[in-house]
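There are 2 protein chains.
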Amino acid sequence: MQTKIVVVGANAAGAKAASKAKRLNPQAEITLIDRGHFISYGACGIPYYVSGGVAEVNELMSTPVGVLRDANFFKKVKGVAVRTDTEVLGIDREAKVLHLLDQGSAGPSSIPYDRLILATGSLPLVPKLANVDLTNILTVKSLEDAQLLKGLAISGDSACIVGGGLIGLEIAEALQQKGMRVTLIEMREQLLPGILDAEMAALVEKHVRQQGVTVLTDCKVTGFAGKGAVEAVLAGERKLSADLVVLAPGVVPNVALARAAGLDIGATGAIAVDAAQATSDPDIYACGDCCETTHLVTGKKVHIPLGSTANKQGRVAGINAAGGQASFAGVIGTSILKVFRLNAGKTGLSETEARAEGYDVETVISPAHDRAHFFPGAKPIVLKLVAERSTGRILGLQAAGEGCVDKRLDAAATAITFKATAEQMSQLDLAYAPPYAAAMDNLIVAADIMKNKLNGQARGISAREVKLRLEREDDFILLDVRSPAEHAESGIEGARLIPLGMLRERLHELPADKEIVAFCKISLRGYEAQRILDAAGFANVKFMDGGMLAWPYPVRS
Amino acid sequence: MQTKIVVVGANAAGAKAASKAKRLNPQAEITLIDRGHFISYGACGIPYYVSGGVAEVNELMSTPVGVLRDANFFKKVKGVAVRTDTEVLGIDREAKVLHLLDQGSAGPSSIPYDRLILATGSLPLVPKLANVDLTNILTVKSLEDAQLLKGLAISGDSACIVGGGLIGLEIAEALQQKGMRVTLIEMREQLLPGILDAEMAALVEKHVRQQGVTVLTDCKVTGFAGKGAVEAVLAGERKLSADLVVLAPGVVPNVALARAAGLDIGATGAIAVDAAQATSDPDIYACGDCCETTHLVTGKKVHIPLGSTANKQGRVAGINAAGGQASFAGVIGTSILKVFRLNAGKTGLSETEARAEGYDVETVISPAHDRAHFFPGAKPIVLKLVAERSTGRILGLQAAGEGCVDKRLDAAATAITFKATAEQMSQLDLAYAPPYAAAMDNLIVAADIMKNKLNGQARGISAREVKLRLEREDDFILLDVRSPAEHAESGIEGARLIPLGMLRERLHELPADKEIVAFCKISLRGYEAQRILDAAGFANVKFMDGGMLAWPYPVRS
Chain A
68 MQTKIVVVGA NAAGAKAASK AKRLNPQAEI TLIDRGHFIS YGACGIPYYV
118 SGGVAEVNEL MSTPVGVLRD ANFFKKVKGV AVRTDTEVLG IDREAKVLHL
168 LDQGSAGPSS IPYDRLILAT GSLPLVPKLA NVDLTNILTV KSLEDAQLLK
218 GLAISGDSAC IVGGGLIGLE IAEALQQKGM RVTLIEMREQ LLPGILDAEM
268 AALVEKHVRQ QGVTVLTDCK VTGFAGKGAV EAVLAGERKL SADLVVLAPG
318 VVPNVALARA AGLDIGATGA IAVDAAQATS DPDIYACGDC CETTHLVTGK
368 KVHIPLGSTA NKQGRVAGIN AAGGQASFAG VIGTSILKVF RLNAGKTGLS
418 ETEARAEGYD VETVISPAHD RAHFFPGAKP IVLKLVAERS TGRILGLQAA
468 GEGCVDKRLD AAATAITFKA TAEQMSQLDL AYAPPYAAAM DNLIVAADIM
518 KNKLNGQARG ISAREVKLRL EREDDFILLD VRSPAEHAES GIEGARLIPL
568 GMLRERLHEL PADKEIVAFC KISLRGYEAQ RILDAAGFAN VKFMDGGMLA
618 WPYPVRS
Chain B
68 MQTKIVVVGA NAAGAKAASK AKRLNPQAEI TLIDRGHFIS YGACGIPYYV
118 SGGVAEVNEL MSTPVGVLRD ANFFKKVKGV AVRTDTEVLG IDREAKVLHL
168 LDQGSAGPSS IPYDRLILAT GSLPLVPKLA NVDLTNILTV KSLEDAQLLK
218 GLAISGDSAC IVGGGLIGLE IAEALQQKGM RVTLIEMREQ LLPGILDAEM
268 AALVEKHVRQ QGVTVLTDCK VTGFAGKGAV EAVLAGERKL SADLVVLAPG
318 VVPNVALARA AGLDIGATGA IAVDAAQATS DPDIYACGDC CETTHLVTGK
368 KVHIPLGSTA NKQGRVAGIN AAGGQASFAG VIGTSILKVF RLNAGKTGLS
418 ETEARAEGYD VETVISPAHD RAHFFPGAKP IVLKLVAERS TGRILGLQAA
468 GEGCVDKRLD AAATAITFKA TAEQMSQLDL AYAPPYAAAM DNLIVAADIM
518 KNKLNGQARG ISAREVKLRL EREDDFILLD VRSPAEHAES GIEGARLIPL
568 GMLRERLHEL PADKEIVAFC KISLRGYEAQ RILDAAGFAN VKFMDGGMLA
618 WPYPVRS
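Chains A and B, in that order, give the protein sequences.
Here my numbering is used: position 387 in the first sequence is 454, and no number is missing along the way.
Here my numbering is used: position 395 in the second sequence is 462, and no number is missing along the way.
Here chain A stands alone, though its shape is the one from the complex (with noise of 0.2 Å):
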């Protein structure tokens, strides 16, 4: 007999899963169900039909040679049954059937199975706030969502999202590109909460105000006001007009489903699955957005729901219903965004999370060129590194810049999975050459800066605390070791000018009992300063980390 395998969900898990378990076990008979209209599509390319970069949006569930990944190319290329507009009311654990609602059908149908798998993904989280449900009020997540925001999408208008996740701020460039006046909004102080750390978020923030975007912060949406259609975002006192709202404050796993077939739900609030995306019923397997994970760093449970984990598990699940043998070990938290011109991204644990972690933890913000500094379109990038102080251990890297961070990402997201050290990471063989990298790379960098740190030759002080200890007005001195140039064109208020190479000459100008903070661009002539007022006996002297790049405040011009 045929084995009966059934898929709920047909987008990036489930199709992958559907397909894989055909492959693996062609005698299978394999039914995707999906409530939706559209199937197996590239969700995370919305925003970029919604700008108008990607014109059509079959481009979205065509495969790389433009075959539409539909019905009956499931049918055919992948001999797997499609079930379109289908919700499935429930299952029967114990006579392993589904109950079914074909929206073409008169009434309720079922469908057996031997083993089920579900991807019933996430859901976007709607904020239960006064008149959410006025029109022009919208959550992106379908396709039908995508389509209807970007005939919305009027050129000078007005918008206002709320949250400045990943969602928020690749909404904000769409709109922005499509000439509407832009609001982000975002309740936490900062942007991209839970993934950049605040000095890294910053850099976002300045960036995305630079290109026109009005950024709040810090603002709690309390309600709507309009009638009929939207007018206005309230928060608070504060009465914000517009045409237009997303809200994106997120997504929760939609485990509707699970949950009412008693199957676990994790503390995450997402499916509970072992390592074979395994639910807790041995013939329910449960793939993508809708389950958590492992995080690899902390060991942790995590609902971190992304495309590229939900087709690693859909194949794990597949597999594994289909009568094979496969796990998925889980995640280590990579995320990345590109937002106008800028790309951001972290992987492993930000310094936030790895002190919430109880990690003792060192540091390294390293700006510099993304390749040779000399050759052509080479632009800037700001690493931050973070490690364990005892051990050593890389645990994250995030980076911002308009330069290329998705490579140095990706290269430490795979040393933090096989948990390098900073003594390690300094020594990859990294690609090398002048239209890639500098001779030695942004990562190789901050790897040296860290093992410079762990042993003491190097002491760093954030911008922040600078920042606070000049509002303070501490007794210390600020010391700008760049050239007069470099001074002339913009510094920070209240920093002294002595150029790295007179400073050999000029240590008669400095207390030696004083504390002396050094920066200059990025703070490599900063630490160099430090190592020769350090010999020079000078007592307490520390560098300002990432120099003029990584300081987000305002400069003196």
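No lab work stands behind these hints, which were simulated from the structure alone.
Remember, predicted model here, so these are calculated numbers, not experimental data.
Treat the hints with caution; some may be incorrect.
When chains are identical, the list treats them as one kind, so a pair holds in a single copy or across two.
Listed next, the in silico BS3-like pairs over lysine-lysine satisfying Cα-Cα at most 27 Å (straight line) [stated by the list, open to error]:
id: 1; residue 1: Lys-143; residue 2: Lys-581
id: 2; residue 1: Lys-367; residue 2: Lys-486
id: 3; residue 1: Lys-245; residue 2: Lys-273
id: 4; residue 1: Lys-534; residue 2: Lys-306
id: 5; residue 1: Lys-446; residue 2: Lys-273
id: 6; residue 1: Lys-367; residue 2: Lys-195
id: 7; residue 1: Lys-208; residue 2: Lys-245
Using the hints, position chain B against chain A.
Only chain B this time, still in chain A's reference frame:
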């Protein structure tokens, strides 16, 4: 008493060693000696200076903020004394003294050392050929060479480059961009021998030919003809007219000084060093292109001169010479090249190298877009993954294409360093968003195919082997499973068309006992066809590795 550290050679490794030693031990007295006039320059940038991409030679000798790294810079900023135009005549290891000849002085002098660091670099190999001393026959190593070459790069003139390795290809592009008629001559059967396998090198050759460069492989230069200046390159019967010849057959480590001093020279011909970069004399270190290192995959000694490695070794030598403790483990043979619009490189072992080392290997060729296929600007790249069959351990990755290959090389370099298996590589949490990768990154796809091949589900055959069988008129069916439109546009002569979507219905058209080789554009559909035919009882079905995108031979139009 101050420790006296003398460093011979003031480029990547030497400059790094001297600077690091001083930062670690500010009391040390450090002297950096170079026989050239220019120091601390980015020799890897020479091709871009010749092409005009880098306008001024000073850019190659400046810091990222534009400060010239000259003797004054090293004195003022780094605290290191520099003596340029100074030849080291010999090392008296007994007396710990170097004998010098300064071009500006009347006669020889000497300088004592406590610790000596040799960073004497490499020398261009000059083949002993008839009339090799004609003018306008150049090597390209120093800035002086670069300035000479740039002056001779006259639009309309013809240039022959001897050697189809990294430097030969980079110079070919530079001279072509200056309007020269360029011929690239390689004695081996393929470009980039020792770096890429033949079929990957064929992709590079195809691209370079498309840019108008004449490529002659399997062509051994026997001499030169001309009166005073070169007029022709002789290759057996062939006579190739040339106004300019660049010799780029490779480099050799510059070990004359070390050898004369009785230091151990390794089997590679480079200075033997331990992990501390110490030579056979514990007070003498070596770093950079003059010394050998360990290949971390094979465990064998290798000489792979690269600026990235030189910097890492220089740091280690500097620390140890200054009384600290550091070690350098080795390299894994990562190389990368931009030539015209193509990016190509490798990390770890090629298939050729792996087989020569005695590994039983499996290979995967996987072409795909470098980001989400719908994202504007997505470009194809071809990956070749090599793994050990018994363990699944990844031994190497090669990559070529107009898209982003360096990112995949860096992630693979990191994975290979940590002895990752295909299973582990397939689960890496790489950064995903449509501007950076497909939901399944090229590296993940390649690793998944490798897993399918290792467990016998996927069976590939190389394009080269298919071509051989076609030429031998073997009795097999070459099955094109692309769409009729793709088939009509171009294809392989002799292939039979059954689009994948029709295959399940048209099985009866194929003989079940005959060998069938399926292919498509990238061979994902080819693999699907193999699985469909396997399930239908066909006995001997394979797919062609990499499909049309990895087919480097002529196509039917």
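Here is what the structure says about each hint:
When the C-alpha separation of Lys-143 and Lys-581 is checked against a cutoff of 27 Å, the pair qualifies only between copies, where the shortest distance is 24 Å, while the shortest distance within a copy is 77 Å. Taking CA atoms no more than 27 Å apart as the test, Lys-367 paired with Lys-486 passes in both settings, with 16 Å inside one copy and 25 Å between copies. For the identical chains of this complex, Lys-245 and Lys-273 are intra-copy neighbours only, at 21 Å inside a copy versus 41 Å across copies, given an alpha-carbon limit of 27 Å. Proximity of Lys-534 and Lys-306 under a CA criterion of 27 Å is satisfied in neither setting, with 32 Å inside one chain copy and 70 Å between copies.
Only within a single protomer do Lys-446 and Lys-273 lie at most 27 Å apart by alpha-carbon distance; the minimum there is 17 Å, versus 30 Å between protomers. Taking the closest pair of Cα atoms, Lys-367 and Lys-195 never come within 27 Å of each other, the shortest separation being 30 Å inside a single copy and 65 Å across copies. Taking the shortest alpha-carbon separations for Lys-208 and Lys-245, only the intra-copy value of 19 Å comes in at or below 27 Å, while the best inter-copy value is 51 Å.
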